[in-house]
Amino acid sequence: MYTYGLPGMSDNIFSPALRYMASSLTQTDELDGLRRLDTRIVGAIYDRYFPEVFRFVRYRLNDEHLAEDIASDTFVRLLEATHNGRGPESNLRAWLLSTASHIITDHLRKAYRRPTEMLSDEQPDTLENLASTVEQRERGARLKAALQTLTEEQQNVIALRFGQGYSLEETARALKKNANAIKQLQFRALAALNRQMGEKQ
Amino acid sequence: MNNPLYDALEICITDLERGATLDSCLAQFPALAGDLQPILESAQQARAFSQNTLPTGAYRRARTRVLQAAAELRQQKPAPLPFWKRGPSPARPFRLAFTALAMLIFLLSGGTGLVSASSNALPGDHLYPVKRSWEGFRLSLTFNPLEREHLERSYEKERVSEIHELFTKKRMEQVYFQAIVESQASDFWVVDGLKIRIDHDAKIDAAITIGSLVEIKGETDDGILKAEEIRLIAPPTPPAAYPKPQSAPSRDIPASETIRPSETATLPEQTRVGDDTAQPETTEQKKDQPKTEETEKTPSPEHSDEHSEEGGSQTATPAPTSHD
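In order, the protein sequences belong to chains A and B.
Anchor point for the first sequence: position 111 equals 390 in my numbering, and the numbering is continuous, going up by one each time.
Anchor point for the second sequence: position 36 equals 223 in my numbering, and the numbering is continuous, going up by one each time.
Keep in mind the hints are simulated off the structure, nothing from the lab.
Remember, predicted model here, so these are calculated numbers, not experimental data.
Misleading hints may appear alongside valid ones.
[Stated by the list, open to error] Computed, partial: chain B to chain A, Cβ under 10 Å:
hint : residue
1    : D194
2    : I200
3    : D222
4    : Q231
5    : Q232
6    : L241
7    : G244
8    : A245
9    : A258
[Unchecked claim] Here are the computed distance ranges between Cβ atoms for each label pair:
hint : chain 1 : residue 1 : chain 2 : residue 2 : range
10   : B       : P217      : A       : E368      : 41 to 51 Å
11   : A       : H381      : B       : H337      : 58 to 68 Å
12   : A       : T307      : B       : G323      : 48 to 58 Å
13   : A       : Q415      : B       : T243      : 17 to 27 Å
14   : B       : T243      : A       : V413      : 22 to 32 Å
15   : B       : K264      : A       : E368      : 14 to 24 Å
16   : A       : H381      : B       : T243      : 19 to 29 Å
17   : B       : T355      : A       : G364      : 52 to 62 Å
Just so you know, even glycine gets a beta-carbon here, dropped at the ideal spot from N, CA and C.
All chains, full assembly: derive it from the sequences and hints.
Here it is as structure tokens:
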């Protein structure tokens, strides 16, 4: 279930005042502050939505570096769009997730045209964790490959429901659809994922 | 009506999130268990792939970048909002109505702005295409045949006067216009009272006869219009085919005197100067022209004077006033 907290982050990133501000702003406050490019409001919006956007992108691409770039691009686009009068008018979260999804699609399209092998600069794994890490990465790679064969909408449903832990209603709001449509979409997405995973094993 | 599988899947997913086992979920829907099981296994795999952590470094770097972008944007002037996003305004309907009215007046009057400025343009001027386009636009909006014909004639006169203006200013310009052939000689033709020099390299449709409507492309050069291409638009029309408007002066011509254009047109030598038969036949042929050509296309006296001077004795230019 979605919470406004920031799981996985050390507490020293946010002061209690900032955390309170991030969770207490209304949608109207957010949008008004965004139009004024108010530093405090922009910071609060970032603190509130960045984890969701980051995890959403990371789930879809299984790549932390790309997720960082695409998530920050999403927020910069939000600022530019609002500055030019084309920003969100109501549902900020839906706007951010939808924009992130578009950037992912653009990235995948470019990557398909110019395939490159990324070199990992992560720290080498310790010996005891090596086996499980390898297995986890293989499983992740299989799932990522299977996910990317689904339609964009299907991928978004999977990423939000299982990657983010959104409820049915939260997923429906984020994708601007009704709950029945999401039920149907998630069934088809999981069925397609099952077929793809079966083929790749 | 939703598929029961969709609802069963949603219930099972929610139960699994709350810690239920796969078997207990499937036990709720024994009839659907076969279909649900692989789907739920995929859901569990998808859930296991989720990572709840957020790298601190990524968070800090991205935050810095976003706040820096906000600071830079604050220095920039925002782009103007598109008109549909400028918010409700009580004056908006009036503004829209005023804009529409202004455009309508501009289109219908034709006496303002660019169109007005182009009214005196000559071939080769920047505004000349505007003038010709406006003429075409007005023609396309004129549906009354008489009015349309009147407009066409006035434009043809305008073309002739433009060429005379170019002669006066000694400008060398490309011109193109439509006109009726009034006389044909080997070196010079007369169209709408305007003398055209025919060089040997000019492209001329073979079927053109006196009375034909032709399109002429040429060049003004030192008081002479040199034809580069003359294309037949319409052959001479028999007099009976022309409906005479009530306003046009009528002229009764005895049937025995009528000479069809096709008969005269085959005899270009008849128009040569020095040939005694040329003048009467040309005159008769002009009588047979449609009355609109007689009344509207008659060149002005000063034009005909110029032609008679320029043409010398080479071409039998019909004097427009001789009929009257």
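Results of checking the hints against the structure:
no. : hint                          : verdict
1   : D194                          : 7 Å, holds
2   : I200                          : 7 Å, holds
3   : D222                          : 9 Å, holds
4   : Q231                          : 9 Å, holds
5   : Q232                          : 6 Å, holds
6   : L241                          : 5 Å, holds
7   : G244                          : 8 Å, holds
8   : A245                          : 4 Å, holds
9   : A258                          : 7 Å, holds
10  : P217(B) - E368(A): 41 to 51 Å : 48 Å, holds
11  : H381(A) - H337(B): 58 to 68 Å : 60 Å, holds
12  : T307(A) - G323(B): 48 to 58 Å : 55 Å, holds
13  : Q415(A) - T243(B): 17 to 27 Å : 21 Å, holds
14  : T243(B) - V413(A): 22 to 32 Å : 25 Å, holds
15  : K264(B) - E368(A): 14 to 24 Å : 22 Å, holds
16  : H381(A) - T243(B): 19 to 29 Å : 27 Å, holds
17  : T355(B) - G364(A): 52 to 62 Å : 56 Å, holds
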